[in-house]
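Visitor: Since the structure of chain A is already known, use the hints to place chain B on it.
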Amino acid sequence: MKVMKIDKNDWAGGIGKIQSSYRLYGPVKGDAFHDFKALEKGELPDLNFLNTRISPKSVVYPQSEIMFEYSLDEKNPDHHIMKDAAKDYSPKAILGIRPCDAASFLLVKRNFDTTEYKDPYWIRSYEATTFIGYACNNPCSTCFCTTAGSGPFNEDGLDILLTDAGDCWYAKAITEKGEKLLNAAGWNTIAAGGSLKKIASLKKEAEAKISSLVSTDQLNNKKTTELYEAPFWEDVSFACINCGTCTFLCPTCWCFDIQDENSGCSGVRMKNWDSCMFPLFTIHGTGHNPRGTKLHRVRQRFMHKLKYYVDKYENGIQCVGCGRCIRSCPVNIDIRRVCDMMNSYDPEACACPVK
Amino acid sequence: MLGYIDKIREISKRLLDEGRVDMVVGFRKGSMPMMNEPSFIKNSGEVSKLVWDSNCGINLANYLTDRKEKIGVIAKGCDSRNIVTHILENKIKRDQLVIIGVPCKGMIDRRLITAMFDTEVREVNEKGDTVTVKGAGFEKKLKKSDILQDNCSKCIHRNPVLYDELAAPLVEEQKDIDRYAEVRRIEAMSPQEKWQYFEDLIAPCIRCYACRNACPLCYCPTCFVDESRPQWVGKSQDETDIRTFHFLRAYHCAGRCTDCGACERACPVGIKVRQFTSKLNKDCLDMFGWEAGVLPDQRPPLDTFKPADPGDFIK
Chain A
93 MKVMKIDKND WAGGIGKIQS SYRLYGPVKG DAFHDFKALE KGELPDLNFL NTRISPKSVV
153 YPQSEIMFEY SLDEKNPDHH IMKDAAKDYS PKAILGIRPC DAASFLLVKR NFDTTEYKDP
213 YWIRSYEATT FIGYACNNPC STCFCTTAGS GPFNEDGLDI LLTDAGDCWY AKAITEKGEK
273 LLNAAGWNTI AAGGSLKKIA SLKKEAEAKI SSLVSTDQLN NKKTTELYEA PFWEDVSFAC
333 INCGTCTFLC PTCWCFDIQD ENSGCSGVRM KNWDSCMFPL FTIHGTGHNP RGTKLHRVRQ
393 RFMHKLKYYV DKYENGIQCV GCGRCIRSCP VNIDIRRVCD MMNSYDPEAC ACPVK
Chain B
1371 MLGYIDKIRE ISKRLLDEGR VDMVVGFRKG SMPMMNEPSF IKNSGEVSKL VWDSNCGINL
1431 ANYLTDRKEK IGVIAKGCDS RNIVTHILEN KIKRDQLVII GVPCKGMIDR RLITAMFDTE
1491 VREVNEKGDT VTVKGAGFEK KLKKSDILQD NCSKCIHRNP VLYDELAAPL VEEQKDIDRY
1551 AEVRRIEAMS PQEKWQYFED LIAPCIRCYA CRNACPLCYC PTCFVDESRP QWVGKSQDET
1611 DIRTFHFLRA YHCAGRCTDC GACERACPVG IKVRQFTSKL NKDCLDMFGW EAGVLPDQRP
1671 PLDTFKPADP GDFIK
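The listed protein sequences correspond, in order, to chains A and B. For the working numbering, add 92 to where a residue sits in the first sequence, where the first one is 1. For the working numbering, add 1370 to where a residue sits in the second sequence, where the first one is 1.
Careful, some of the hints might be misleading.
DSS-like cross-link-like pairs, simulated, lysine-lysine; straight-line CA separation at most 25 Å [what the hints assert, rightly or not]: (1) Lys1504(B) with Lys301(A); (2) Lys94(A) with Lys363(A); (3) Lys167(A) with Lys201(A); (4) Lys129(A) with Lys1642(B); (5) Lys1524(B) with Lys1642(B); (6) Lys201(A) with Lys97(A); (7) Lys201(A) with Lys269(A); (8) Lys1399(B) with Lys1497(B); (9) Lys386(A) with Lys1461(B); (10) Lys1649(B) with Lys1524(B); (11) Lys386(A) with Lys1475(B); (12) Lys1438(B) with Lys386(A); (13) Lys1419(B) with Lys1383(B); (14) Lys386(A) with Lys1419(B); (15) Lys1511(B) with Lys1475(B); (16) Lys121(A) with Lys1504(B); (17) Lys1545(B) with Lys1649(B); (18) Lys1399(B) with Lys1475(B); (19) Lys1399(B) with Lys301(A); (20) Lys1438(B) with Lys1524(B); (21) Lys1475(B) with Lys1497(B); (22) Lys386(A) with Lys1399(B); (23) Lys1564(B) with Lys386(A); (24) Lys1440(B) with Lys386(A); (25) Lys1642(B) with Lys121(A); (26) Lys1463(B) with Lys1440(B); (27) Lys1510(B) with Lys301(A).
Source of the hints: derived by calculation from the structure; they are not laboratory data. Since this is a predicted model, take the numbers as computed values, not measurements.
Okay, chain A solo, but in the shape it has when bound (with noise of 0.2 Å):
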């Protein structure tokens, strides 16, 4: 696929260009950070920035969403029928994903849309979604993408991926859909032909400043049953104060809840994010918590991130290295920690009972 060279100067024109036929969404500093909004007329995304606060998965995938709405009033021949929200899927584009966050969708996906099931809200606006990367030439050290099957230059779930290469941005189009955008923006010039060398070349310097690897390569010969009954849930979940936090701010977390909610004699049944942090989220109409406790939850979320998941796809952790969870932890629970002693777990080693 073709590199375009896109001059710091027709940047400003160019974004202009893609809002009017894209709603276009970028990271934009507010108080303390950045995150992703939607970016009015004129307005620049500000790529000053390591990674958001909280993932872009809201794009496609808001914390709150509409479905259905309905009429409880009687008089109204259509009252108690649940009506379809109006939905804007008009082309969208996300310019500055990071990479790992590139790649989350991905994931996703393997839960929103399968052969079984298929979620019409998240498909929809993921497909309206135009994904521009922002390859990252300076890393976090909370940064794992490298050993959670991204990195820092890596291409899948982009359409066009961005690098900064000091005087010029190099656009390369990975998809139809990236290059549809380039054309939109105006973004024509193709770059000399040491543009991808240049590419590579930060992208080496990139993945060799990532200090931080997980090993998964266990994970998937361990046994489910060992590693739920290991001893060292007990000292993972200590610190835990069962926000949502972790899950909240991970790009690859899915799950919501179903709520009605009605105000007179209408009312919207609606997805909300939910997490698996929370008592309330396997709570059963008896009053019987499957998850009772806060270790049965901690031991919830990395068992189905780095063992479920691992299992049922065949295809990597549910995790992309991101890092936000361990940068945001209130309490400084690291998943790296965690994920490596999963998959260094011998429960014959630990078969002396711990005083």
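Guide: Below, chain B without anything else, positioned relative to chain A:
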């Protein structure tokens, strides 16, 4: 405060060896700069895992709730006040605890330091009152008193109020601190300004409930936001529901909050949730002369009645 750790380890070892406690609750070194992880040890061979520095801002009283063991707990001033509150509220028994008091000189503000630099902070070391922050291509020395958590900079109970052992000699308490200047600034706003101020304050909320869960006071078996029969509060990002959560959470802490700052420290999106509780703390002080967790033998003002209580609102 780095010097405290040898003494903390020595006391912990002795308590475990003598069988006076089943476990010691403290901190182990975190995997990131400016973070330590609450942790427990059950045998004295592990005391070297315990650490103490200016990154121990989590309130350890939160880890005592309803526990059955005999516990040695490391407690700075605010933790000890929450332990007092826990004892008063029957969340732990005094005779289950051996409190290892730590006279505190304040915890450093991780967010503040992170926001001071454009690139990632990779290493933070402290020596006396100097904190050295390093990253790729920079190194800066900061004065600890300039980078304290906001609640620590206003703290007047640095010494534990209740303890069985002490990790170090008591420290001098801060004097002449104006703790409520910020509250007065908001009190002086017009209703419209206040409304806008609080709207902006909680706008980034993602309802992860980290503020609630980091707080030792929030131990209800089912929180009002989690009740489903009846459901009091909606689950979406609806502004009214988010407001309801924050306002009620704060009110549930009235007369109980020790301003330990755990809520603010835990918030992943940096909401200054203490803006709510500080006002209630100020009111409790003004109306009842009350500070939570300071007196081990007195009921808090909101669960007792005294004829002298201010009651103009019902007269």
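Visitor: For each hint, tell me whether it holds in the structure or not.
Guide: Verification of the hints:
1. About 17 Å separates the Cα atoms of lysine 1504(B) and lysine 301(A), which keeps this hinted pair within 25 Å; it holds.
2. Our distance criterion of 25 Å between C-alpha atoms is broken by lysine 94(A) and lysine 363(A), whose separation comes to about 40 Å.
3. Restraint check for lysine 167(A) and lysine 201(A): not satisfied, since their Cα atoms lie roughly 42 Å apart, outside the 25 Å limit.
4. Of the pairs offered as hints, the one joining lysine 129(A) and lysine 1642(B) holds, with about 22 Å between alpha carbons and a cut-off of 25 Å not exceeded.
5. Proximity of lysine 1524(B) to lysine 1642(B) is assessed by CA-CA distance (about 15 Å); at most 25 Å being required, the pair is judged to hold.
6. The straight-line distance between the Cα atoms of lysine 201(A) and lysine 97(A) is roughly 31 Å, outside the 25 Å bound, and the hint therefore fails.
7. Of the supplied pair hints, the one linking lysine 201(A) and lysine 269(A) holds, its CA atoms being roughly 18 Å apart against a limit of 25 Å.
8. Using a Cα cut-off of 25 Å, the hinted pair lysine 1399(B) and lysine 1497(B) holds, with the two alpha carbons roughly 17 Å apart.
9. Note on lysine 386(A) and lysine 1461(B): the hinted pairing holds, with a Cα-Cα distance of about 18 Å set against a maximum of 25 Å.
10. Of the supplied pair hints, the one linking lysine 1649(B) and lysine 1524(B) holds, its CA atoms being roughly 14 Å apart against a limit of 25 Å.
11. For the given pair, lysine 386(A) sits about 32 Å from lysine 1475(B) by alpha-carbon distance, which is inconsistent with the 25 Å threshold.
12. Proposed proximity of lysine 1438(B) and lysine 386(A) is supported: the alpha carbons are some 16 Å apart, at most 25 Å.
13. Of the pairs offered as hints, the one joining lysine 1419(B) and lysine 1383(B) holds, with about 12 Å between alpha carbons and a cut-off of 25 Å not exceeded.
14. Between lysine 386(A) and lysine 1419(B) the alpha-carbon distance is near 23 Å, which keeps this suggested pair within the 25 Å criterion.
15. Between the alpha carbons of lysine 1511(B) and lysine 1475(B) the distance comes to roughly 18 Å, so the proposed pair stays at or under 25 Å and holds.
16. For the proposed pair lysine 121(A) and lysine 1504(B), the alpha carbon gap of about 23 Å is at most 25 Å, so the pair holds.
17. At most 25 Å may separate the alpha-carbon atoms for a hinted pair to count; lysine 1545(B) and lysine 1649(B) meet this at roughly 20 Å.
18. Proximity of lysine 1399(B) to lysine 1475(B) is assessed by CA-CA distance (about 19 Å); at most 25 Å being required, the pair is judged to hold.
19. Using a Cα cut-off of 25 Å, the hinted pair lysine 1399(B) and lysine 301(A) holds, with the two alpha carbons roughly 24 Å apart.
20. Only pairs whose Cα atoms come within 25 Å are accepted, and lysine 1438(B) paired with lysine 1524(B) is rejected, the gap being roughly 34 Å.
21. Proximity of lysine 1475(B) to lysine 1497(B) is assessed by CA-CA distance (about 13 Å); at most 25 Å being required, the pair is judged to hold.
22. For the suggested pair lysine 386(A) and lysine 1399(B), the alpha carbons sit about 22 Å apart, so the restraint of at most 25 Å is met.
23. Between lysine 1564(B) and lysine 386(A), the direct Cα distance comes to roughly 38 Å. Violation of the 25 Å bound is thereby established for this hinted pair.
24. Annotation: proposed proximity of lysine 1440(B) to lysine 386(A) holds, straight-line Cα distance about 21 Å (limit 25 Å).
25. Taking the CA atoms of lysine 1642(B) and lysine 121(A), the gap is about 18 Å. The hint holds against a cut of 25 Å.
26. Distance hint between lysine 1463(B) and lysine 1440(B) is fulfilled; the C-alpha atoms sit about 9 Å from each other, no more than 25 Å.
27. Distance hint between lysine 1510(B) and lysine 301(A) is fulfilled; the C-alpha atoms sit about 22 Å from each other, no more than 25 Å.
The structure fails to meet hints 2, 3, 6, 11, 20, 23 from the earlier list, while all remaining hints are met.
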